[in-house]
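These protein sequences, in sequence, are chains Z and R.
Position 233 of the first sequence, counting from 1, maps to 233 under this note's numbering, and the rest follow consecutively.
Position 64 of the second sequence, counting from 1, maps to 64 under this note's numbering, and the rest follow consecutively.
Hints in this document: simulated from the structure, not taken from any laboratory.
Even glycine gets a Cβ: it sits at the ideal position worked out from N, Cα and C.
Among the clues, some could well be false.
[Said to hold, decoys possible] Below, simulated DSS-like cross-link-like pairs (lysine-lysine); rule was C-alpha separation at most 25 angstroms, straight line:
#: 1; chain 1: R; residue 1: K19; chain 2: Z; residue 2: K119
#: 2; chain 1: Z; residue 1: K397; chain 2: Z; residue 2: K374
#: 3; chain 1: Z; residue 1: K83; chain 2: R; residue 2: K19
#: 4; chain 1: Z; residue 1: K28; chain 2: R; residue 2: K19
#: 5; chain 1: R; residue 1: K19; chain 2: R; residue 2: K56
#: 6; chain 1: Z; residue 1: K139; chain 2: R; residue 2: K56
#: 7; chain 1: Z; residue 1: K386; chain 2: Z; residue 2: K416
#: 8; chain 1: Z; residue 1: K459; chain 2: Z; residue 2: K204
#: 9; chain 1: R; residue 1: K92; chain 2: R; residue 2: K24
#: 10; chain 1: Z; residue 1: K83; chain 2: R; residue 2: K56
#: 11; chain 1: Z; residue 1: K121; chain 2: Z; residue 2: K459
#: 12; chain 1: Z; residue 1: K139; chain 2: Z; residue 2: K451
#: 13; chain 1: Z; residue 1: K28; chain 2: Z; residue 2: K139
#: 14; chain 1: R; residue 1: K97; chain 2: Z; residue 2: K28
#: 15; chain 1: Z; residue 1: K306; chain 2: Z; residue 2: K374
#: 16; chain 1: Z; residue 1: K386; chain 2: R; residue 2: K56
#: 17; chain 1: Z; residue 1: K119; chain 2: Z; residue 2: K139
#: 18; chain 1: Z; residue 1: K139; chain 2: R; residue 2: K24
[Said to hold, decoys possible] Where chain R lies over chain Z, by a calculated footprint (3+ residues, C-beta under 8 angstroms):
#: 19; region: 45 to 54
#: 20; region: 62 to 70
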Amino acid sequence: MLRVSAIAEGAGVPTSSLCCEGFLGQAKTTSVGLGYPNLALATVPGHVDVQSENELRSNVLGTTVDHVIRNLTGEIAAVQATKDPAPDEIVFQGSFEEVNRLFLENGWSDGLPIVPPTKEKIAAFLAFTDLPPDHAIGKLLPDNRLATVWNVAVNGVMAGCRPEYMPILVALVEAMADPQYGVEHSGNTPGAETLIVLNGPLIKQLHFNYEQGALRDGFQANTAIGRFWRLYLRNVAGFLLHQNDKGTFGNTWRVVLAENEDSLAKMGWPTVAADMGAPPGESAVTISRFTGGNVIVSVFGDSAEKLLPYLGNALVTHTSWELVFTVGLATGTYRPLLVLSPLIAETIARTMTKAEAQEWLFENARMPAQLFEKYLWGWTNLIPGKRTLNDWVRLGKLPRVFAGNDPNRLVPVVTKPEHVMIAVSGDPLRSNCYLFVHNGMLGFPTTSTVKLPQGWRSKLRDAQG
Amino acid sequence: MNRRNSSSDYEVVWPRSAKSVEIKPLARRLDTLDGKTVAFLWDALFRGDEIWPVLKQELSSRYSGMSFIDHDSFGSTHGDEEHRVLAELPGKIKSMKIDAIVSGMGC
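Make a model of the complete structure from these sequences and hints.
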């Protein structure tokens with residue numbers, strides 16, 4: 001909404017942006033990053049989702065219309081830019097406690113103590129990349145700040161990372177800045193959180209946990225890099241709670257999920273990175289935003305045919321409003337992720353490839369069409385027009401498998417079999433799995449290959465003592 | 001922000017980075033809405049389809065000769081049409097002779 005207004009103002013046309021009352025603060029901070037801190041906002045009192053037609057009309061006539069007129073015809077106060085510190089400028093000198101107090105008070109920390117980012121520590125991180133410190137990786141909305149190698153190192157230090165994690169941190173920010181990912185949506189109200197999936201030789205070289213407790217904090221590489229992600233979103237992209245981050249509830253950041261590549265090799269199944277097109281033999285990170293998930297406990301059976309129905313049921317029962325990313329808001333962008341323990345994956349792999357397991361789930365994990373449509377525009381107001389799935393098929397937006405007039409016909413929850421992503425990790429000898437429910441184009445799966453510096457092996461040897 | 005030097009002190013840098021956009025002035029506001037063309041752009045969310053008609057009716061009653069361009073002339077500003085709609089907007093502002101834009105819904 002505000003990006004529209006910024007473009008129009010730049011083209012010489014005055015604008016008024018309509019905001020529900022609770023979103024005025026976010027709109028003001030987002031406007032700064034767009035280069036127009038004083039974008040004119042028109043208030044819609046309360047939130048429209050719970051207002052009757054009369055209440056909505058009364059609120060628009062009583063408040064919004066006057067704001068729109070004021071915004072388009074009245075003078076709006078000019079704003080001046082404030083000066084930011086230079087990247088290598090020392091902004092403070094003090095004790096550990098004093099530094100942490102400063103960072104908390106300025107919103108530069110997540111609430112946990114940070115490692116003070118001194119030039120000496122930053123230099124150690126910079127030694128693990130061949131890129132110069134001022135190399136611009138990209139621009140990150142909503143603040144529209146430059147992502148640089150320097151500030152990757154700064155936030156890596158703060159998060160408690162080790163210097164040798166630097167190549168992964170740079171790859172992560174490259175993925176974050178990729179327009180396909182959609183970082184600008186990271187403050188949306190569902191509060192989805194990114195999961196980082198790591199593949200390649202760095203899993204073992206940097207001692208990532210990929211077995212029991214794979215999604216729990218407790219291993220430095222998994223934990224510190226997960227924390228880095230959220231700190232970077234805060235400090236460089238600009239996602240702060242009560243400002244640009246409007247997650248109604250939100251989640252804490254997730255630790256890095258490393259795949260069990262020994263198990264994958266044994267089965268002959270491709271890794272997540274390989275599915276995403278990463279070159280074989282190289283390490284890569286894949287990022288994607290998930291609204292939530294659930295553990296699928298004690299999956300029971302000695303064959304793929306006995307195991308897959310439970311997994312398919314989880315896929316259907318945990319997918320709800322996210323179906324707006326299967327069709328409607330951003331058609332074909334829903335990418336749920338099933339994490340299989342090696343025990344379950346290897347049992348399925350006795351008779352199926354990964355692609356065959358995905359095909360089975362596409363064919364069998366289905367829900368009644370009328371329930372699907374309730375999520376789109378019955379229980380939610382997310383898709384205007386009340387189009388049925390059959391309408392979407394006729395418009396050419398959905399494949400034929402969704403067609404039909406029987407409201408109880410069963411339809412898939414994704415548009416292609418390969419859209420159900422599958423990873424292998426967790427306790428190798430337990431029969432539990434995990435399903436992540438996806439936020440569609442508002443955090444679309446994006447992979448970045450990790451580039452190692454020259455002399456990686458000797459540098460790593462020195463760093464690891 | 002600097003203070004006393006001590007062997008236990010840390011000299012720290014800023015964890016953010018410069019904004020990559022300049023602060024720009026807003027467009028000149030209109031002297032009146034009489035006879036002006038106002039376009040509505042919508043992200044297809046949060047009851048904009050109910051709000052636009054109310055706005056249109058009320059603005060028309062207060063100002064003479066106004067005309068309106070509805071959101072469906074542009075497409076949705078959120079979701080899979082967003083990048084196309086935003087890229088086309090400057091051209092459409094000129095070709096449709098748009099005087100002002102109302103954009104919604106931030107909810």
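Structure-based check of all given hints:
no. : hint            : verdict
1   : R:K19 x Z:K119  : holds, 22 angstroms
2   : Z:K397 x Z:K374 : holds, 18 angstroms
3   : Z:K83 x R:K19   : holds, 10 angstroms
4   : Z:K28 x R:K19   : holds, 16 angstroms
5   : R:K19 x R:K56   : violated, 37 angstroms
6   : Z:K139 x R:K56  : violated, 37 angstroms
7   : Z:K386 x Z:K416 : holds, 24 angstroms
8   : Z:K459 x Z:K204 : holds, 16 angstroms
9   : R:K92 x R:K24   : holds, 22 angstroms
10  : Z:K83 x R:K56   : violated, 42 angstroms
11  : Z:K121 x Z:K459 : holds, 15 angstroms
12  : Z:K139 x Z:K451 : holds, 20 angstroms
13  : Z:K28 x Z:K139  : holds, 19 angstroms
14  : R:K97 x Z:K28   : violated, 28 angstroms
15  : Z:K306 x Z:K374 : violated, 30 angstroms
16  : Z:K386 x R:K56  : holds, 23 angstroms
17  : Z:K119 x Z:K139 : holds, 24 angstroms
18  : Z:K139 x R:K24  : holds, 18 angstroms
19  : 45 to 54        : holds (count 4)
20  : 62 to 70        : holds (count 4)
The earlier numbered hints that this structure contradicts are 5, 6, 10, 14 and 15.
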